[in-house]
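Novice: Now for the letters of each chain:
There are 2 protein chains.
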Amino acid sequence: MARTADRPAQGEALSRAVWDVLAHQGLEKLTVRAVAAAAGCTTGLVMHRFPNRRALLLHARELLHEKSRVRVDALEADAATPREALRAVLHRGLATDPETVTDSVVWMGFLAAAVSDGELITMHRRHNRSWRARIERLVAASAPDWTPAQVKPAALGLIAMAEGVAAFAAADPSHYPAADQERMLDTALAAYGLGVSG
Amino acid sequence: MARTADRPAQGEALSRAVWDVLAHQGLEKLTVRAVAAAAGCTTGLVMHRFPNRRALLLHARELLHEKSRVRVDALEADAATPREALRAVLHRGLATDPETVTDSVVWMGFLAAAVSDGELITMHRRHNRSWRARIERLVAASAPDWTPAQVKPAALGLIAMAEGVAAFAAADPSHYPAADQERMLDTALAAYGLGVSG
DNA sequence: GTGTTACCGTAACGTCTGTTACGCCGCTCT
DNA sequence: AGAGCGGCGTAACAGACGTTACGGTAACAC
Numbered sequence: 001m002a003r004t005a006d007r008p009a010q011g012e013a014l015s016r017a018v019w020d021v022l023a024h025q026g027l028e029k030l031t032v033r034a035v036a037a038a039a040g041c042t043t044g045l046v047m048h049r050f051p052n053r054r055a056l057l058l059h060a061r062e063l064l065h066e067k068s069r070v071r072v073d074a075l076e077a078d079a080a081t082p083r084e085a086l087r088a089v090l091h092r093g094l095a096t097d098p099e100t101v102t103d104s105v106v107w108m109g110f111l112a113a114a115v116s117d118g119e120l121i122t123m124h125r126r127h128n129r130s131w132r133a134r135i136e137r138l139v140a141a142s143a144p145d146w147t148p149a150q151v152k153p154a155a156l157g158l159i160a161m162a163e164g165v166a167a168f169a170a171a172d173p174s175h176y177p178a179a180d181q182e183r184m185l186d187t188a189l190a191a192y193g194l195g196v197s198g
Numbered sequence: 001m002a003r004t005a006d007r008p009a010q011g012e013a014l015s016r017a018v019w020d021v022l023a024h025q026g027l028e029k030l031t032v033r034a035v036a037a038a039a040g041c042t043t044g045l046v047m048h049r050f051p052n053r054r055a056l057l058l059h060a061r062e063l064l065h066e067k068s069r070v071r072v073d074a075l076e077a078d079a080a081t082p083r084e085a086l087r088a089v090l091h092r093g094l095a096t097d098p099e100t101v102t103d104s105v106v107w108m109g110f111l112a113a114a115v116s117d118g119e120l121i122t123m124h125r126r127h128n129r130s131w132r133a134r135i136e137r138l139v140a141a142s143a144p145d146w147t148p149a150q151v152k153p154a155a156l157g158l159i160a161m162a163e164g165v166a167a168f169a170a171a172d173p174s175h176y177p178a179a180d181q182e183r184m185l186d187t188a189l190a191a192y193g194l195g196v197s198g
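Just so you know, the protein sequences line up as chains A and B, in that order.
Reminder that position 28 of the first sequence reads as 28 in UniProt numbering, one-by-one numbering, no gaps.
Reminder that position 154 of the second sequence reads as 154 in UniProt numbering, one-by-one numbering, no gaps.
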């Protein structure tokens with residue numbers, strides 16, 4: 001890492017290093033030294049930029065949340081219909097390529113770390129609740145005549161399905177190819193009567 | 001822990017201590033000392049019973065797998081129809097009470113630990129594949145006229161849904177009450193045409 | 001009761017952790 | 001060009017970690 005004073009860029013580079021370590025070495029090896037090595041610097045820079053290890057993790061978690069929100073916002077904005085938006089957004093939650101598989105592994109690492117960190121679990125809940133609200137809104141827009149009592153279980157089923165299959169694929173990619181996950185998603189949308197062509 | 005030579009019982013007690021620490025303190029604090037404290041003994045006993053920390057974790061993981069398999073076998077045997085069996089088995093995968101919430105937290109801990117442990121990930125895959133095969137078998141029995149191309153996406157959707165909602169509920173129990181999870185499951189089964197009364 | 005066995009608590013080892021303190025070196029300003 | 005400043009690499013710290021070695025003591029045989 002070159003010698004610069006661009007603090008936001010350094011914070012982002014270090015957060016990316018956190019994600020790298022979490023994805024390839026796991027939570028147990030997520031040490032300050034490992035992060036520094038992944039970022040190509042020393043622990044001096046890391047501890048100079050963040051007051052302590054926890055702050056580093058919290059920043060990395062928040063940044064990941066923010067990036068994924070921006071990406072999903074764009075997917076939603078680009079969709080022609082609510083049903084296409086629903087499918088596109090849910091599809092992003094699957095783990096169908098190296099990037100999203102990595103995302104899923106990192107996601108699980110943060111979730112496991114949250115067990116012993118009140119602030120991490122608070123961030124997770126905030127993010128997850130807004131994710132759930134987004135899908136409920138898209139389901140309601142996709143089926144305008146449904147009551148909330150119909151929307152809520154369907155939306156919950158869809159987000160749970162995406163989360164679950166992403167965890168499966170992250171742990172066993174060769175047995176959960178992209179095509180299987182996509183067929184699963186389209187079958188579920190069709191079963192609920194939310195298919196794009198329905 | 002009393003002074004005895006009942007090795008299997010000690011191994012099980014220590015594994016239960018591993019689950020306790022994993023559930024209440026998280027993977028980062030899963031140390032030999034913490035496990036010994038949770039078991040009410042010292043590190044001496046732990047290291048006398050297991051050659052090293054990894055062996056302790058692997059044993060705890062395998063025992064958890066075995067116990068859940070026995071429980072699910074019983075649920076399946078007790079069911080009157082394939083559809084009832086399918087629902088009962090999937091319901092066990094939800095996180096609807098303190099015990100199953102704990103199970104889900106522990107499950108995630110092991111999954112996160114598996115990122116940096118080839119043997120743990122192998123065990124996870126073996127277990128997960130047999131779990132998937134079980135649900136595919138139950139779905140096929142519940143809908144005898146379906147082709148494999150219909151069975152597989154539905155079964156995948158169902159197990160992913162259960163896994164996902166268990167993770168949600170483990171991280172945010174107050175926002176994922178049992179009733180919501182059960183309504184989600186029954187709505188999904190009905191949507192697939194696999195409802196108990198269908 | 002006494003001797004033997006081995007279970008397991010105690011204590012120590014070297015390594016690795018997060019964190020702190022120090023100082024070099026490149027940039028900027030006059 | 002030289003002085004001043006601050007970013008960040010280096011090195012050391014205390015504590016916690018996994019693991020090892022040793023010794024006291026409970027449990028059994030007789």
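It should be emphasised that the hints constitute simulated quantities derived from the structure, not laboratory data.
Be aware that one or more of the hints could be misleading.
Put simply, identical chains are the same to the list, so a pair is met inside one copy or across any two.
[Unchecked claim] Computed cross-link-like contacts, DMTMM-like style, restricted to lysine to aspartate or glutamate with a CA-CA straight-line distance of at most 25 Å:
no., residue 1, residue 2
1, Lys152, Asp97
2, Lys29, Glu182
3, Lys29, Glu76
4, Lys29, Asp78
5, Lys29, Glu62
6, Lys152, Asp73
7, Lys67, Asp78
Bear in mind the structure is a predicted one, so any value in this text is a computation, not a measurement.
Novice: A separate judgement is required for each hint: does it hold in the structure or not?
Specialist: Cross-check of the supplied hints:
1. Lys152 <-> Asp97: Close across copies (21 Å), not inside one copy (29 Å); limit 25 Å.
2. Lys29 <-> Glu182: neither (33 Å within a copy, 37 Å between copies)
3. Lys29 <-> Glu76: Classified as neither: same-chain Cα gap 36 Å, cross-chain 40 Å, threshold 25 Å.
4. Lys29 <-> Asp78: neither (39 Å within a copy, 44 Å between copies)
5. Lys29 <-> Glu62: Classified as both: same-chain Cα gap 20 Å, cross-chain 23 Å, threshold 25 Å.
6. Lys152 <-> Asp73: within (21 Å within a copy, 31 Å between copies)
7. Lys67 <-> Asp78: The answer is within: 17 Å in one copy meets 25 Å, while 48 Å across copies does not.
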